[in-house]
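**Student:** The residues making up each chain are set out below.
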Amino acid sequence: GAVVSQHPSWVICKSGTSVKIECRSLDFQATTMFWYRQFPKQSLMLMATSNEGSKATYEQGVEKDKFLINHASLTLSTLTVTSAHPEDSSFYICSVSRGEQYFGPGTRLTVT
Amino acid sequence: GDSVTQMEGPVTLSEEAFLTINCTYTATGYPSLFWYVQYPGEGLQLLLKATKADDKGSNKGFEATYRKETTSFHLEKGSVQVSDSAVYFCANAGGTSYGKLTFGQGTILTVHP
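Chains as they are written, first to last, in the numbering used here: chain A, 1 to 112; chain B, 113 to 225.
FYI, nobody ran anything at the bench for these hints, they're computed from the structure.
Wrong hints could be hidden among the right ones.
[What the hints assert, rightly or not] Using 30 Å as the maximum straight-line C-alpha spacing, the simulated DSSO-like pairs for lysine-lysine come out as follows: (1) B:212 to A:41; (2) B:212 to A:55; (3) B:172 to B:161; (4) B:180 to A:20; (5) B:172 to B:212; (6) B:168 to A:41; (7) A:20 to A:64; (8) A:66 to B:212; (9) A:41 to B:172; (10) B:161 to A:41; (11) B:168 to B:180; (12) A:14 to A:64; (13) A:64 to B:180; (14) B:161 to A:14.
[Stated by the list, open to error] Counterexamples of contact, computed for chain B against chain A with all Cβ distances above 10 Å: (15) 127; (16) 164; (17) 188; (18) 218; (19) 220.
Each residue gets a CB set at the ideal place from its N, CA and C atoms; glycine is no exception.
With these hints in hand, go ahead and build the complete structure from the sequences.
**Tutor:** Structure representation (structure tokens):
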């Protein structure tokens with residue numbers, strides 16, 4: 001398997017500010033990580049595929065300028081929500097691809 | 113495109129009852145199919161998987177069989193426990209997009225003693 005951590009586990013920020021979420025692969029060098037968004041009582045929606053050393057691939061409808069993804073090393077990918085608004089409040093989950101996907105515990109973002 | 117449709121919940125059962133959560137999928141190619149479980153306050157965990165038609169995935173008493181003819185991957189357990197209370201997600205790694213998962217909407221299961 002693979003052990004994946006996320007930091008922070010929850011964050012509250014004010015509207016208009018930016019917030020960075022980290023996803024770490026603790027025991028595996030991951031060339032590919034995925035970022036998902038989960039609304040309350042709803043499914044996970046894939047936002048983007050993060051590839052180490054290259055630009056992320058965003059799913060249709062996801063604003064790449066708003067959700068900045070940086071996969072600078074084989075163990076770390078970051079998601080930065082820029083100029084956050086209340087509608088960005090959600091649960092953000094990352095996963096590591098190692099044949100199958102292994103998920104982090106998620107980050108709860110609340111924008112006030 | 114790929115899609116997954118899960119039986120709507122929530123599902124409430126008594127301990128030791130039989131569980132079925134239906135899941136059907138659409139995909140091009142030959143997808144791998146998964147069931148993930150999310151316990152309260154925790155991240156998603158892989159419960160079981162099947163990678164080709166007629167494969168049966170099993171784990172912790174749960175089973176699901178990959179049925180290509182009915183494009184289904186229904187989750188079953190013969191006798192549920194209170195500790196099985198969680199949200200269950202069916203997912204499809206489409207044949208043309210290896211690694212990218214398409215999730216069903218999730219089914220909330222509550223098991224009462």
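**Student:** A separate judgement is required for each hint: does it hold in the structure or not?
**Tutor:** Results of checking the hints against the structure:
1. With a C-alpha separation of about 21 Å, the suggested pair residue 212 of chain B and residue 41 of chain A falls inside the 30 Å cut-off, and the hint holds.
2. Between residue 212 of chain B and residue 55 of chain A the alpha-carbon distance is near 17 Å, which keeps this suggested pair within the 30 Å criterion.
3. The suggested pairing of residue 172 of chain B with residue 161 of chain B holds, with an alpha-carbon distance near 13 Å, which does not exceed 30 Å.
4. Proposed proximity of residue 180 of chain B and residue 20 of chain A is contradicted: the alpha carbons are some 42 Å apart, above 30 Å.
5. Proximity of residue 172 of chain B to residue 212 of chain B is assessed by CA-CA distance (about 25 Å); at most 30 Å being required, the pair is judged to hold.
6. At roughly 28 Å between alpha-carbon atoms, residue 168 of chain B and residue 41 of chain A fall within 30 Å of each other, so this suggested pair holds.
7. The hinted pair formed by residue 20 of chain A and residue 64 of chain A meets the criterion: a straight-line CA distance of about 14 Å does not exceed 30 Å.
8. Straight-line distance between C-alpha atoms of residue 66 of chain A and residue 212 of chain B comes to about 21 Å, which keeps the hinted pair within the 30 Å bound.
9. Between residue 41 of chain A and residue 172 of chain B the CA atoms are separated by roughly 24 Å; this keeps the pair inside 30 Å, and the hint holds.
10. With a C-alpha separation of about 23 Å, the suggested pair residue 161 of chain B and residue 41 of chain A falls inside the 30 Å cut-off, and the hint holds.
11. Of the pairs offered as hints, the one joining residue 168 of chain B and residue 180 of chain B holds, with about 12 Å between alpha carbons and a cut-off of 30 Å not exceeded.
12. Under the criterion of a C-alpha separation no larger than 30 Å, the hint pairing residue 14 of chain A with residue 64 of chain A is consistent with the structure, at around 21 Å.
13. Distance restraint check for residue 64 of chain A and residue 180 of chain B: the Cα-Cα separation of roughly 36 Å exceeds the 30 Å cut-off, and the hinted pair is therefore not satisfied.
14. With a C-alpha separation of about 41 Å, the suggested pair residue 161 of chain B and residue 14 of chain A falls outside the 30 Å cut-off, and the hint is violated.
15. Listed as outside the interface, residue 127 of chain B is consistent with that label: its C-beta sits roughly 24 Å from the nearest C-beta of chain A, beyond the 10 Å cut-off.
16. With a least CB separation of 14 Å from chain A, residue 164 of chain B remains clear of the 10 Å interface cut-off, as annotated.
17. For residue 188 of chain B, the non-interface assignment is confirmed: its Cβ lies about 21 Å from the closest Cβ of chain A, beyond the 10 Å cut-off.
18. In this structure residue 218 of chain B is not separated from chain A by more than 10 Å, as the shortest Cβ-Cβ distance comes to only about 5 Å.
19. Some Cβ of chain A comes within 10 Å of the Cβ of residue 220 of chain B; the nearest lies about 8 Å off, and the non-interface call is violated.
The structure fails to meet hints 4, 13, 14, 18, 19 from the earlier list, while all remaining hints are met.
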